[in-house]
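Numbered by numbering that gives the first Met the number 0, the letters in the sequence shown go through residues 0 to 319 in order.
These are calculated hints, taken from the structure and not from any lab test. Even for Gly, the Cβ is constructed at its ideal location relative to N, Cα and C. Careful, some of the hints might be misleading.
Computed Cβ-Cβ distance ranges for the label pairs, DEER-style [claimed, not checked]:
{"hint": "1", "residue 1": "K121", "residue 2": "S169", "range": "46 to 54 Å"}
{"hint": "2", "residue 1": "R229", "residue 2": "P95", "range": "21 to 29 Å"}
{"hint": "3", "residue 1": "K160", "residue 2": "R229", "range": "36 to 44 Å"}
{"hint": "4", "residue 1": "G214", "residue 2": "K175", "range": "17 to 25 Å"}
{"hint": "5", "residue 1": "N269", "residue 2": "T222", "range": "38 to 46 Å"}
{"hint": "6", "residue 1": "Y149", "residue 2": "P195", "range": "39 to 47 Å"}
{"hint": "7", "residue 1": "K121", "residue 2": "P95", "range": "12 to 20 Å"}
{"hint": "8", "residue 1": "R28", "residue 2": "S169", "range": "48 to 56 Å"}
{"hint": "9", "residue 1": "D100", "residue 2": "K175", "range": "23 to 31 Å"}
{"hint": "10", "residue 1": "P161", "residue 2": "Y287", "range": "26 to 34 Å"}
{"hint": "11", "residue 1": "E180", "residue 2": "P291", "range": "35 to 43 Å"}
{"hint": "12", "residue 1": "S22", "residue 2": "E129", "range": "15 to 23 Å"}
{"hint": "13", "residue 1": "P161", "residue 2": "R93", "range": "16 to 24 Å"}
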Amino acid sequence: MTQTDNSAIVATPLNGHIGAEISNIDLGRPLAQADFDGLQAALARYEVLVFRDQDISLEAQIAFAKRFGNLSTHPFATNLPDVPEVIEFDNSGRNPAGPTDSWHSDETFRARPPMATILRAKVVPPYGGETVFASMTAAYDGLSEPMKVYVHRLRARHDFKPWRHMFADSKAARMKLIELEDEFPNPMHPIVRIHPVTGRRVLFVNPQFTVGIEGLKEDEGQTILNFLYRQAMVPDYQLRLKWRPHTIVMWDNRSTQHYAPHDYYPHRRNMARLTVEGGPVDGPVGDYEPQPENPLKLAQPPSQDTDEKKLLRPFERAMM
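Sequences are here, hints too, so could you generate the full structure?
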């Protein structure tokens, strides 16, 4: 457990790369400045923050989210009529969820994607309905040096493709689609993003919204993208979260991806989501140079003086 500086809140890491459970905090009450500062530092370090047993109102969730910045409104999702910044996920076998069952960072089709997302569990199914998160900071770190050099200055195009099917073949729908294409004109984001708080490099592509790489033919770009997408699937970089009622999760949308399986039907899963507006997506400047080791990383490689034979499986040792 780690107590944040000048704050009473405690962050307990959930694994070596991503996630911490935050305790000794009541999100239903206004945050003291020291606690807010501690949460900001914890979010940058652990990327996903889990708050258990937070039986708070929607108004309190909104107040908490607004401490981190202005709230954004999703242009396609089912927003609450009176509070359009809130997305209400209320899904079951009779009302299936949207395209959440693929790896993605939220809304990267924007020029300035959200910096964070805050999700509150209201009703959870008896099984399934978990959310899997991946650290794209760890995913970048896991690339080979030649691959890091290759992707260092590449840019990728992003698009709101999962929602294009919503527009019927009518004149009004086509006009609305053109209007949205003007509002979200396929931004180019660097494949390697520099996190604005930590300064660490992040792999910033996802299969839900990324559609191509600048300067490459379609098949060339797709081959590279498919390889990069698979980095989110490495179990070492993941946190699989089991929801309970009154659990709140906040994740850093600048450096994570997530995946929500649709494995709970016919049961109901009801969540309230808020997103905090983000800033520009900045990439590296200058030629590639290796970045220093992350001093805050919990997962460390084996000691250099470890007997390499001990790291082999029994049948591999027998073959030596």
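Hints versus structure:
no., hint, result
1, K121 / S169: 46 to 54 Å, "35 Å, violated"
2, R229 / P95: 21 to 29 Å, "26 Å, holds"
3, K160 / R229: 36 to 44 Å, "19 Å, violated"
4, G214 / K175: 17 to 25 Å, "32 Å, violated"
5, N269 / T222: 38 to 46 Å, "40 Å, holds"
6, Y149 / P195: 39 to 47 Å, "24 Å, violated"
7, K121 / P95: 12 to 20 Å, "18 Å, holds"
8, R28 / S169: 48 to 56 Å, "49 Å, holds"
9, D100 / K175: 23 to 31 Å, "26 Å, holds"
10, P161 / Y287: 26 to 34 Å, "33 Å, holds"
11, E180 / P291: 35 to 43 Å, "41 Å, holds"
12, S22 / E129: 15 to 23 Å, "21 Å, holds"
13, P161 / R93: 16 to 24 Å, "21 Å, holds"
Hints 1, 3, 4, 6 from the list above are not met by this structure, while the remaining hints are.
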